[in-house]
Amino acid sequence: MKYLKTPLVIFVLLVIWQTAVILFKIPEYILPTPVSALEHLFLPQPDADYNWVMHIKATLLEIVLAFAVTSVAGISIAILLAWSDAIRRASMPLFVFINSLPIIAVAPLLLLWSGYGLKTNIIIAFLISFFPVVINTGTGLASIEEELLDLVKYLHGTKLQVFMKLRIPNSLPFIFTGLKICSTMCVVGAIVGEFIASDRGLGYIIINSQYTMDSPPIYAGLMLVSLFGVALFGLVSLAERLCIPWARPAGQEL
Amino acid sequence: MNRRMVAALVFAAAMTAGAFAQTTKINFQLNWKISGDHAPYYVAMEKGWFKDAGLDVNVMIGQGSGFTVQMVDTGKADIGISDAPVPIEGRAKGANIKIVGIIFDKHPNCMFFWKDSGITKPQDLKGKTVAVPASDGHKVMWPAFAQLIGLNPDDVKFVNIEPTAKPAALGTRKADVVFELYTGKPFMEKAVPADKLGAIIWADYGFNAYAHSYIASDSFIASNPEALRKFLQVVYRAWDYTLNNIPEAISILSKYHPINRDDFVANLTSVREFFKTDRYRNFGIGYIDPARMNDTINIVKEKGIEIKGVPRDYYNPDFLPNPPFKFNF
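Each protein sequence line maps, in turn, to chains V and C. My numbering numbers the first residue of the first sequence as 1 and each following residue consecutively. My numbering numbers the first residue of the second sequence as 1 and each following residue consecutively.
In case anyone wonders, no lab produced these hints; they're calculated from the structure. All of these numbers come straight from a predicted model, not from anything done at the bench. Each residue gets a CB set at the ideal place from its N, CA and C atoms; glycine is no exception. A portion of the hints provided could be inaccurate.
To be verified - Heads up, simulated DSS-like pairs for lysine-lysine below, C-alpha to C-alpha not over 27 Å straight-line:
id: 1; chain 1: V; residue 1: K119; chain 2: C; residue 2: K255
id: 2; chain 1: V; residue 1: K57; chain 2: C; residue 2: K33
id: 3; chain 1: C; residue 1: K185; chain 2: V; residue 2: K25
id: 4; chain 1: C; residue 1: K51; chain 2: C; residue 2: K76
id: 5; chain 1: V; residue 1: K119; chain 2: C; residue 2: K33
id: 6; chain 1: C; residue 1: K196; chain 2: V; residue 2: K25
id: 7; chain 1: C; residue 1: K185; chain 2: C; residue 2: K196
id: 8; chain 1: C; residue 1: K93; chain 2: C; residue 2: K139
id: 9; chain 1: C; residue 1: K196; chain 2: C; residue 2: K174
id: 10; chain 1: C; residue 1: K174; chain 2: V; residue 2: K25
id: 11; chain 1: V; residue 1: K119; chain 2: C; residue 2: K76
id: 12; chain 1: C; residue 1: K326; chain 2: C; residue 2: K276
id: 13; chain 1: C; residue 1: K326; chain 2: V; residue 2: K57
id: 14; chain 1: C; residue 1: K190; chain 2: V; residue 2: K25
id: 15; chain 1: C; residue 1: K51; chain 2: C; residue 2: K126
id: 16; chain 1: C; residue 1: K326; chain 2: C; residue 2: K303
id: 17; chain 1: V; residue 1: K25; chain 2: C; residue 2: K157
id: 18; chain 1: V; residue 1: K119; chain 2: C; residue 2: K93
Stated by the list, open to error - Over the 12 Å line for every Cβ pair with chain C, so calculated as not near, a few chain V residues:
id: 19; residue: K5
id: 20; residue: V15
id: 21; residue: F24
id: 22; residue: P27
id: 23; residue: T33
id: 24; residue: V35
id: 25; residue: L43
id: 26; residue: L60
id: 27; residue: A68
id: 28; residue: I77
id: 29; residue: I103
id: 30; residue: L109
id: 31; residue: N170
id: 32; residue: I196
id: 33; residue: R241
Please put together the full structure from these sequences, using the hints given.
Structure representation (structure tokens):
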């Protein structure tokens with residue numbers, strides 16, 4: 001029963017959506033029915049070849065690569081910042097600056113510099129999603145009991161040992177929180193990237209169909225995108241539970 | 001390394017260079033997201049016309065005319081599509097680019113409105129709310145058109161919208177008028193019933209500027225004149241074919257992009273209207289008329305841009321197909 005609740009809620013929402021569209025005679029260009037969106041996804045259409053498989057593959061590849069790059073780079077940046085106070089003080093404002101850039105406004109410039117396609121997409125996804133990883137990891141690395149540090153100092157432990165044996169293991173729960181936020185933002189980043197810098201992927205189908213007010217494929221694309229977001233979030237949560245089973249209080253599930 | 005090996009290497013290098021010389025790679029920058037008027041490039045690709053001409057063409061989706069100018073000027077693209085006044089203004093400000101061919105002969109700028117709003121002529125726009133994206137070509141050219149029809153450019157109130165939100169803005173009456181190319185009519189008709197949708201084409205009220213044009217950089221023209229000539233030869237041939245075989249062209253386009261074929265056939269059919277001119281019938285598709293080019297340059301000048309040099313600095317008609325593809329409609 002526990003695992004049936006969520007699908008049930010989703011199903012009820014879809015039914016409400018379907019009935020509302022039919023009942024209030026909402027025109028399709030404003031809101032298609034979920035059935036029509038799903039038909040565009042699963043059934044061959046007489047007037048279009050959406051080539052979903054190719055576009056899904058492109059988007060999945062971007063999301064996975066963007067997530068990998070962002071987590072590795074984000075954690076590395078955080079460790080570097082925690083390692084040296086001087087670097088942190090000098091560069092933290094820069095990261096805040098980058099994070100506050102409205103990506104939509106910068107994107108055409110990125111496109112001019114690094115061209116069209118996967119690379120630019122990943123850069124855009126990185127810029128959108130790296131900050132929570134850096135901040136969370138940084139907080140984890142810093143929040144360590146003074147007594148433990150004193151003890152290590154007393155035992156003549158090196159800075160490297162402090163990091164490897166204390167700070168990094170201690171920050172794991174924080175890292176996973178950062179990665180979970182990053183997982184959904186990477187999906188957003190990949191789609192934004194496709195809006196701007198791609199001719200394939202679900203984001204491309206969505207923006208292309210918006211132009212012609214062809215709304216069922218937009219909603220079909222959005223359903224898939226959200227599904228990928230949920231899946232990646234679930235995978236990170238699963239990895240968290242396997243890596244640090246001690247960190248989660250019993251009964252709390254997310 | 002012995003002498004024979006060196007000789008073999010030199011030979012191999014010469015062979016590879018020879019093989020590359022046979023095909024020229026061309027990065028081609030579109031003006032915007034895929035629409036029906038992009039079908040000719042995919043027709044040419046599908047039919048192998050680019051390949052036969054020794055061209056390897058990479059088509060890149062667009063971000064607007066200004067972006068095309070930047071891409072072509074910086075060499076990231078070799079040839080691009082841009083609204084004619086934009087590269088003219090770009091060149092006046094120092095970009096090294098020229099117009100080398102025309103696409104739409106009649107200007108497709110248009111205004112859409114609900115018929116019940118009482119608008120029957122462009123002068124009725126006075127006091128109305130117009131929805132148009134900030135960087136849209138319509139907005140850029142509105143002051144020139146307003147003067148032409150005897151209005152003050154400030155007589156209308158603009159609201160900024162997302163480019164893809166144009167039909168919805170009109171459908172939900174968020175604005176009295178939406179500026180959009182006439183070719184967008186099939187998409188407008190999804191939001192406003194066809195019998196209630198009013199449309200006024202600017203060109204019918206004397207707006208004589210050029211619109212979508214092919215542009216190339218000075219350095220590409222100087223270093224690859226033959227490739228440019230072949231490219232224009234192929235694309236105008238493809239235009240000729242596309243305009244006479246619209247459904248086939250759209251099904252080819254739909255092999256490359258996730259488009260709705262019915263919508264795009266309607267879209268391309270309205271594009272065709274803007275090629276049906278005596279100029280294209282007599283002088284061929286793509287023909288650059290010096291007098292109209294002057295008018296277009298004057299529109300840029302009226303914006304307060306200082307135009308240096310002579311009009312001929314801004315365009316070069318020497319690469320158009322010879323003999324031309326005369327459009328028999």
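Going through the hints against the structure:
| no. | hint | in the structure |
| --- | --- | --- |
| 1 | V:K119 / C:K255 | holds (25 Å) |
| 2 | V:K57 / C:K33 | holds (21 Å) |
| 3 | C:K185 / V:K25 | holds (23 Å) |
| 4 | C:K51 / C:K76 | holds (21 Å) |
| 5 | V:K119 / C:K33 | holds (20 Å) |
| 6 | C:K196 / V:K25 | holds (19 Å) |
| 7 | C:K185 / C:K196 | holds (12 Å) |
| 8 | C:K93 / C:K139 | holds (20 Å) |
| 9 | C:K196 / C:K174 | holds (16 Å) |
| 10 | C:K174 / V:K25 | holds (20 Å) |
| 11 | V:K119 / C:K76 | holds (15 Å) |
| 12 | C:K326 / C:K276 | holds (11 Å) |
| 13 | C:K326 / V:K57 | violated (44 Å) |
| 14 | C:K190 / V:K25 | holds (14 Å) |
| 15 | C:K51 / C:K126 | violated (52 Å) |
| 16 | C:K326 / C:K303 | violated (34 Å) |
| 17 | V:K25 / C:K157 | violated (32 Å) |
| 18 | V:K119 / C:K93 | violated (31 Å) |
| 19 | K5 | holds (35 Å) |
| 20 | V15 | holds (26 Å) |
| 21 | F24 | holds (15 Å) |
| 22 | P27 | violated (8 Å) |
| 23 | T33 | holds (16 Å) |
| 24 | V35 | holds (18 Å) |
| 25 | L43 | holds (15 Å) |
| 26 | L60 | holds (17 Å) |
| 27 | A68 | holds (26 Å) |
| 28 | I77 | holds (30 Å) |
| 29 | I103 | holds (14 Å) |
| 30 | L109 | violated (9 Å) |
| 31 | N170 | holds (46 Å) |
| 32 | I196 | violated (7 Å) |
| 33 | R241 | holds (38 Å) |
In summary, the structure is inconsistent with hints 13, 15, 16, 17, 18, 22, 30 and 32 from the numbered list given earlier, while agreeing with the others.
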